[in-house]
Amino acid sequence: MIARARLCLVLLLAACGDGNSVTPDAPIPPVAIGTVTARTAEVSDPILATGEVHADKITEIKPRVDGIIDTVFVDVGDRVKAGQPLFRTRQADYRNSLAEREQALALAEAERRQAAGDLERATALRAKGVVSQGRMDEMQARHDTARARLGMAQASLSQARQDLADATVAAPYDAIVTARYVDEGTMIQVATSNTPVLEIAKLDVVEIIAQVAAIHLPRLRPDTRVTLSVEGVAAPVEARLGVINDKVDARTRGVEIRLRLPNPDLAMKPGLFAKLTLHPVPRQATVIDRAAMLGSNTDPYVFVPSANVARRLGLRVRDVDAGLVEVLDGLEPGDVALAGPNLPDIREGAAIAVRADHGAR
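Per our numbering, the sequence shown starts with residue 1, numbered consecutively.
FYI, nobody ran anything at the bench for these hints, they're computed from the structure. Any given hint might turn out to be false.
[Unchecked claim] Cross-link-like lysine-lysine pairs, in silico, DSS-like; alpha carbons within 30 Å at most:
1) Lys-202 - Lys-81
2) Lys-275 - Lys-247
3) Lys-275 - Lys-57
4) Lys-247 - Lys-128
5) Lys-62 - Lys-81
6) Lys-202 - Lys-269
7) Lys-62 - Lys-269
8) Lys-81 - Lys-57
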């Protein structure tokens, strides 16, 4: 029994010396990592707004003289040129009036010639002492009256001609007929009726009217670049801001802005909704590559190298674009942050080896 116990002891000691004994952990190698550098760059903060498409001009066309609408030459959707007839009021009465006033003018001219001849003869006789001063005054008054009547007849004839011309109403500018309110046979009294016959709109140029918050005013100027997305129009439209209204809406604290756009194909219709992105003058800001950022939107941070060790640094940032963030607090231009494929393996205090081939940018 004693011999057997000794043999077990010898075997146990041999097992303890077979090379499987516990040794201290090996040191963890440093993580190979690259860097990016915070730098100064121009940043433009876009301003978003919504607006509506408006016609460059829109006019309700009404009759200029009383009467029955005799003919409407156009209909909704027709394109018209400046000076093209749109509709006509019945002309018979105005033609008769013109003829009467032409005769009245001829009569007035005859009376003036007669009065002028009488005055001339009276003046010659007065020089011979045949005509009294009272008679001379009477001849002069007749002449002055005849001349005044002639002037009135001329003015009356001009008005008759204008009335006849106004019986036909023409387009004041190149436009499209957007509404027709009456048909032939409608009687309209200009002085008592507000009924238009047609509505026309100039649509080869349109105006976008929108509102932006008054807080953005210091960043805007009349030539600010604008990108528009208009419903029903496939491609975005590039434009320049035209008008910044000087009046601030006391209720909304908004400011009206306007811009004009060519619309040769008439794709942008009045009333369509438009989304605007305004691009103000860029400003100088500290930015860093988004690839260096870790954490959440509310708690962003980066790792920075410190004596071959990674140190966590909290930041305040704001998005710039898909590749950059603006650093509001935490880094200055020239400061370095860790970045690269191994960044997810970095922890506070981890040993690092900055790779020379992934240096600061």
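Hints and how they fare:
1. Lys-202 - Lys-81: The given pair, whose Cα atoms are some 10 Å apart, holds under the 30 Å limit.
2. Lys-275 - Lys-247: The given pair, whose Cα atoms are some 22 Å apart, holds under the 30 Å limit.
3. Lys-275 - Lys-57: holds, 22 Å
4. Lys-247 - Lys-128: violated, 79 Å
5. Lys-62 - Lys-81: holds, 17 Å
6. Lys-202 - Lys-269: holds, 11 Å
7. Lys-62 - Lys-269: holds, 24 Å
8. Lys-81 - Lys-57: At roughly 14 Å apart (the allowed maximum being 30 Å), Lys-57 and Lys-81 satisfy the hint.
Hint check: a violation occurs at hint 4 only; the rest are consistent with the structure.
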